[in-house]
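Engineer: With the hints as a guide, dock the two chains, each given alone in a separate frame, to form the complex.
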Amino acid sequence: MLIDNDFKQVGKRLPYNVSPELFSDITANVMDKIGKASVEEKPLHNNSRKKISIIARLFLATAASIAIILAINWDLRHSAKNDITDLENAFCQLSSDDQEFLLDVDQQDIFLYQ
Amino acid sequence: MTPHEKSILGIIGKDPEKGFRILLSEYQEAVYWHIRRLVVSYDDAQDATQETFVRVFRSLSTFRGDSSLKAWIYRIATNEALRQLSSHRKDIVSLESESSGAELVADDGYIDFDDKVAVDFQRAILSLPPKQQLAFNLRYYDDMSFEEIAKIANSTASSMKANFHLAKIKIKDYLNSSE
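Protein sequences, first through last, are from chains A and B.
Start counting the first sequence at 60; every next residue gets the next number (the working numbering).
Start counting the second sequence at 526; every next residue gets the next number (the working numbering).
So here's chain B without its partners, still in its complex pose (with noise of 0.2 Å):
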């Protein structure tokens, strides 16, 4: 854990309702993108969002402090994204799902279909499984290290390396194939 991150829950122990607001304006915007990257509906993002932060409210008691705060916040961003996914299914959709059927959708007024390149981007990088999806997300969007990611996936920094690259590849081979 950082030393800022130290201070938001110091100043949570005194005064909760101050120090969430703090820690709401703190990661409120990078988790909501997160989310975003992998439901894409605006309406299940926004609900997504809302409900990880009532969920790290009530559970901050139970934070042990052996992740740093934002790898804790964005697992549970993470789970919240896959219980919305799943919800639009049949079955769960988890990290070891083949798909998160999650699509850009013609009719969601939130999408700027008129830029193709990024439009073709976030397809490629929807048509992996979740897991590769998650990797290639935090590191290429999040800039964040392989330890941090597999804090979030409750797995190997070695492993998350490896679905890194192959994301990459796959990416790869859907936009050289697209064109």
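Bound-form chain A, shown alone (with noise of 0.2 Å):
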């Protein structure tokens, strides 16, 4: 029983027990794991190399993917400028008459202008 106000009684004594091998263990298994942990860090070096020529390939090919996407949308827009102008020549090859036919049916198009 402990008498209020007296923790001096127990002082710091503790009720727990440990093997006389517990601390020389501990230390035995500290610099084990630490020993071990070192080793594995060194090809660390290696696998990083392997790591960094991974990312350097999956870069490339992703900048060759976007170039060759960048070559074709060029390619069709070329594509595309180079049908409406082909397109305005011949308009322009018309008569006047068949020119002026032509925007008139375009204006009655419903299905143009609804």
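Hints listed in this document are in silico derivations from the structure and should not be mistaken for laboratory results.
It should be emphasised that the depicted structure is a prediction, and the values quoted were computed from it without experimental measurement.
Treat the hints with care, since some could be wrong.
Using 27 Å as the maximum straight-line C-alpha spacing, the simulated DSSO-like pairs for lysine-lysine come out as follows [to be verified]:
#, chain 1, residue 1, chain 2, residue 2
1, A, K67, B, K615
2, B, K543, A, K92
3, B, K543, B, K531
4, B, K531, A, K67
5, A, K71, B, K641
6, B, K656, B, K641
7, A, K67, B, K656
8, A, K92, B, K539
9, B, K531, A, K92
10, B, K641, B, K615
11, B, K697, B, K656
12, B, K693, A, K71
13, B, K656, B, K615
14, B, K539, A, K71
Far from chain B, some chain A residues (derived; all Cβ distances over 12 Å) [what the hints assert, rightly or not]:
#, residue
15, D84
16, M90
17, I93
18, G94
19, R116
20, T121
21, I128
22, A130
23, S154
24, D157
Quick reminder that beta carbons are idealized off the backbone N, C-alpha and C, glycines included.
Structural biologist: Here it is, written out as structure tokens:
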């Protein structure tokens, strides 16, 4: 029984025991883990090289894909531009009566001007 | 940081293994007992102590010296103790938890149940919330200042002082009610 305000009765005594080898075991286990960790850290240099190589390849592949997409897109636009230019040229080659006729038809086209 | 702590770090800088062995021999026992008081179990305390020093070794380069080396190590140790306690529960045990869940278990072969006064005293401490346990243990057993305890608990000195005094009152009430 502990008297009120008298922690001195128990002091710093703990009801816990340890084996005699505990602290040497702890030291050995810790040094062993640290040693393994140090060894495992070394090959990281090779692993990081591999990672960089993979990342570089992915980057190049992505860059190449983007370049291809941009090239196709430019080609399509260029083709589209050519199509429009050809159409305009063809229209200009028509007689004025034919041009007026086409314009009339165009304006009466219910599918275009709803 | 004390000059002694600086010298240990200096040796580690020149010869990591030798310096770390010195650090281990310096702090190992105190850290073990600090953890044991929180987790109670012999095996859990050993596991948490070992994990503490492995983490200390791996994190030494991140130690900025804004606290003492001792406080920094104790902080890692406290976190490992809480992590160990959490492993036995579904929820995480932190300093803000209501209870730690640690108990003096009868089948642990490393508890002297014949020392009733000491057993009752530990039961009273373990009935406290983790933060109050920490404040009480570090002040009572490790003779730390409230400033140092605050660094370990990531709190303020005044808060840890309040936690310590609350802990003392609750321990007395627990013991008086269990008579």
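Engineer: Each of the hints needs a verdict: does it hold here or not?
Structural biologist: Verification of the supplied hints:
{"no.": "1", "hint": "A/K67 x B/K615", "result": "violated, 38 Å"}
{"no.": "2", "hint": "B/K543 x A/K92", "result": "holds, 15 Å"}
{"no.": "3", "hint": "B/K543 x B/K531", "result": "holds, 15 Å"}
{"no.": "4", "hint": "B/K531 x A/K67", "result": "violated, 35 Å"}
{"no.": "5", "hint": "A/K71 x B/K641", "result": "holds, 14 Å"}
{"no.": "6", "hint": "B/K656 x B/K641", "result": "holds, 25 Å"}
{"no.": "7", "hint": "A/K67 x B/K656", "result": "holds, 23 Å"}
{"no.": "8", "hint": "A/K92 x B/K539", "result": "holds, 21 Å"}
{"no.": "9", "hint": "B/K531 x A/K92", "result": "holds, 25 Å"}
{"no.": "10", "hint": "B/K641 x B/K615", "result": "violated, 31 Å"}
{"no.": "11", "hint": "B/K697 x B/K656", "result": "holds, 17 Å"}
{"no.": "12", "hint": "B/K693 x A/K71", "result": "holds, 14 Å"}
{"no.": "13", "hint": "B/K656 x B/K615", "result": "holds, 20 Å"}
{"no.": "14", "hint": "B/K539 x A/K71", "result": "violated, 38 Å"}
{"no.": "15", "hint": "D84", "result": "violated, 7 Å"}
{"no.": "16", "hint": "M90", "result": "violated, 7 Å"}
{"no.": "17", "hint": "I93", "result": "violated, 5 Å"}
{"no.": "18", "hint": "G94", "result": "violated, 8 Å"}
{"no.": "19", "hint": "R116", "result": "holds, 32 Å"}
{"no.": "20", "hint": "T121", "result": "holds, 35 Å"}
{"no.": "21", "hint": "I128", "result": "holds, 44 Å"}
{"no.": "22", "hint": "A130", "result": "holds, 49 Å"}
{"no.": "23", "hint": "S154", "result": "holds, 85 Å"}
{"no.": "24", "hint": "D157", "result": "holds, 83 Å"}
Going through the hint list in order, the structure does not satisfy hints 1, 4, 10, 14, 15, 16, 17, 18.
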